[in-house]
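Once you've looked at the hints, dock chains B and C against the given chain A.
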Amino acid sequence: MAQSTSQAITAGKAVQTQQNAKLEESLAGWTFMLPAAAILLLFMIVPLLVAGYFSLTDWNGRTPLTNANAYELVGLRNYQQLLVDGRRVSDFYNALKNTMYYALGVVPTQTALALVLAVIVNQKWMKFRGFFRTAYYFPSITSSIVVSMIFLFMFSATGPINGLISAIFPSYDPITWLSDNRGVIHNFLGLFSLNADSFPFLRDTELFRIPLWEWLSGPSVSMATIMVLAIWTTIGTMMVIYLAALQNIPGQVYEAAFVDGATNWQAFRHITVPLLAPTTFFVITLGLIGTFQVFDQIYVLRNDTTRDSVMSVAYLVYDYAFGSLNDPRMDRATATAITLFIIIFVATIIQRRVTGGDQAK
Amino acid sequence: MRNVRFVLVLAVLLVAVSIGVASAQDPVTLRVWSGASSPVENEFKEAQFAAFQEANPNIVLDVLISPDYGTQIQAAFAAGDYPEVFTVGQFDFPSYVDSGLLMPAGDRIVDADDIYPSLQSAFSDADGNAYCVPKDFSTLALYYNIDHFEAAGVEAPTADWTWDDMTAAAQAITDAGIVVNDIPVLGLSAAADRNRWMAFFWANGGRLFNDADEIVFDSEEAVASLDFYANFVTSGIGAVPADLGGAGWNGEAFGRGYAGMTVEGNWAIGYLNNDFPDLNWGVAELPTAPSGNKGTLTFTECWAVSSLSAEDPAVADAAWALVNFLTGPEQAAATGDQGFGPMPARASAADSWLTAQGDAGMPFVAGADYAWAPVFPIGYGDFTTAVDEGTVDVMTGAATAADAMAEAGEIAREIQAEG
Amino acid sequence: MTTATIKPGGASFEAQQGSLSGFRRILAILGFATLILVAIIQVAPFVLTIANSFKCDPAITDAPGAFLPSPPGVTCQTTNAAGERQVLSASDQTEGAFFNPSTDGYSAILSGTTQSNNLPRWLINTVIYSVTVMIGRLIFDSMAGYALARLKFPGNRILFFIVLGVLMIPGVVLLIPRFLLLNQLGMLNSYHGYFLVLAADAFGIILMKQFFEAIPKEIEEAALVDGANRFVTFFRVILPMATPALIALAIFSFQGQWNNFMDALIIVGTKPEMFNLAMGLTVLQGSGQDVQYDLVLAGAVITTLPMAVIFFMFQRYFVEGVNYSGLAGQ
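These protein sequence lines are chains A, B and C, in that order.
When you read off a place in the first sequence, starting at 1, and then add 216, the result is the number in our numbering.
When you read off a place in the second sequence, starting at 1, and then add 6, the result is the number in our numbering.
When you read off a place in the third sequence, starting at 1, and then add 264, the result is the number in our numbering.
Chain A on its own, in the form it takes in the complex (with noise of 0.2 Å):
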């Protein structure tokens, strides 16, 4: 009796200090979290859901709101217009397509390469470390007006590129890269003389007003260039957390295959990759909501010619808010902006369900 009481008590008091215990984690969870909460909502999340409300009106963007007449709610008629049954409705998936072909060439292509750099630069037997890192993460540093200019040098029809190809294949036929719209995958056909006729089933089928041809083009011959500038300028980031990362294995556990008798490129296969799988997870979902709001590389390499062939979504929204002068669209600006954040935080989802990071977590 008496021993069993006290059991009781000592139980009662147990699931007490638990309680008390739990109560004080969550109190330092929201007390962790409070500040960088604060900041978060106050700047981004309140501006993002004035955006929204933007979004159900047809306000020019100029019109001084404090005038009593500068905005008129209109329900959902932007994103009807934007992407149903407006007059272009095709602009705003021409752009979506772009984009998508964007992300899809430059987040595997830079995840690898940022992870096979990181793991070479870590190797401890390696001279000039320091400056192997400083030079693979210089391209992140130096002025995106400056990578500009030089890509424009570089890839001239003049420029090193062309001449380096022209070496190799004295019959090439010299390639304005940065202003040819003509779609990669359009031109591999080309390579077997295929093309819209062939398939006069692509040819006249049309997605959105846009034919289903089109929709298969793959990112444009300028795109792409711009698709390896991004690649060319973001490594250094992804290095630099892959090296982060790679602080956390134990040398012990290295240690260890290697007295089996693992060699290294079985230690990278069966160690190093599987160590490293949350951080290309994460590396992964940051490369896909960069690339989905790229708007930087094409700001400064679109031209006349190009304008639509490399427009982005993000560009898009500049175009629509900033860039139309004597027709501001803050109203279609920011529907564009709220159709890109749920495309981009769907995206996401389905990138986390599909390479499996969501479980562990």
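Because the hints were derived from the structure by calculation, they are not lab data.
Please note that the accuracy of each hint is not assured.
Calculated cross-link-like contacts (lysine-lysine; reagent style DSSO-like; alpha-carbon spacing at most 30 Å) [to be verified]:
| id | chain 1 | residue 1 | chain 2 | residue 2 |
| --- | --- | --- | --- | --- |
| 1 | C | 416 | C | 481 |
| 2 | C | 535 | A | 238 |
| 3 | C | 416 | A | 238 |
| 4 | C | 416 | A | 340 |
Frame of chain A, contents of chains B and C only:
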């Protein structure tokens, strides 16, 4: 304790004195915003403000030369808290008036007759009320490479050139087989830009609306103008600048000597002098269209007073004093002397600009008489997008001029029908 | 109870060192050559930038490839006897890979004292913005990242998705709403306004969360059982173990603010004395077709070099990553 009291009394006195001083002098603070241009021009602008400041000690100028003017001023408009005096570009003007951001000029503009009418009309509403005072402007003309013309045995362009003369010259230069830096020289560097070929559109009688307010954008004369311009590229006697050694714009392709001619504005004069001092070039007026008329485009900017200033007469007076100072005959002449790219908006200052620029400036000044500011009404954004897209399609051979312009015209009709 | 021993020595293949056979040696040399080639590709543009920043505009546009300076130094613009302005042409300044250096771009930037040319002020502002925001993010991001990674509290998972969501907001659309908000709060054109808006960011939070998850739980549990306060544990035990991640975060955040144009434009953009380098140099470089390349490039070098030095200093800490030797194999 005594110290505290002393401090308090002193503070009260100070406040009283400062209020007294303030009400006695009654200074007006004006926020003055404009976008950044070249370093020389920025410094000149700052000197102008300093000169005004000195002459008007009662007016305090709070100056912003912005790195991204469009975004900043738009944010300020949205907040309803915008500068008293600011610059306005011609493309922005209609929507600024529509949004009630500008104070009508009334009869406040000094010596208004001196300002080129084509410029003042770009800054007036449909009823002819001026809102903004033109500061300077640029027009398009034909740059030509004297060496290439001589090598091809073609006479230099003159003011009475026709479209056919221009096409023939481009053909001759291309056929001459001149090579610069391994690049075969073509007749014309032709940017796929609506704000280039529409000079020919205007010259040939192309209009968006006819007198009956019907959309006539796809008229025969209009289509002929795009056909004429795109033909240089599609028939290989010209190319877009990117296809001329990867140039970033017409001026660069021309400066490098890869094209015999190009259609550009006077802003290219300084660029060519600075970056390509060895280039041997000249400028002529754009050729006469089959219609028998000349035409060019103009790009202009003005100084405006905000509608907020109208609420306080003292502020409005100060603001207009500044605008009149900046755009008046004296500063216009000073602008001309500096010889920047843009020309002063006053006819009286044309000579000072021409003296600074030399002969190259003449065709641009001549263009002021028949120039058009290519601005379309508010709400026609989808139309201009269609024109831009059509321009590229026609110049890359993906569409005919007739089809592309019919499509843009159709969109314009839809917009008009919606009101 | 003991706390875990922490000693330097991260992942490496050092066990393999010294066992290179002849064939492997050749492979290693080839590999090293590849690394150097890649390094050249990555650095060449910046070397060209430095070289071109010492040229006059004609040489920059016409002979961007010349990268070896050779005496004598030159001036870009001179006035001849007749009073005409003369510009040094590309062919006069360059010969093959060699060029005569000019410092005109730098002196134009460094000499200015007007509103539109005030490098010292922009530099001071940029340092203030970058350092304060970096400190803010190191503290707030790691606290939030830790909470999301390790602490169980109601709303944890939802908060994580909200933070992830914040990362997905297209920045352009925030410009106007943020300006409206800051205008209402009276925080425009102030150092504290800049700091408050940017003192925490979604990217940093997620980065830190990612790394805290990789730290073995046992270490902090050991510390907690010791009865230490959670905050003390966090700052004394957990945070030091996250050094590599903190270094990465410090690099990213410093660099981000050093080059930040858009946020600065909205938060501190309407008072010229509050400009940062990115804004100031944009004003200075001019707009449209009237760009002065020597100024652009000199400005690019001035902004990039400090970043390169800072990165070089920071990256050394990646060598001394932590190792939880007491817990290995658990």
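Taking the hints in turn, this is what the structure says about them:
no.: 1; hint: C/416 <-> C/481; result: holds (13 Å)
no.: 2; hint: C/535 <-> A/238; result: violated (49 Å)
no.: 3; hint: C/416 <-> A/238; result: holds (8 Å)
no.: 4; hint: C/416 <-> A/340; result: violated (38 Å)
In summary, the numbered hints that this structure violates are 2, 4.
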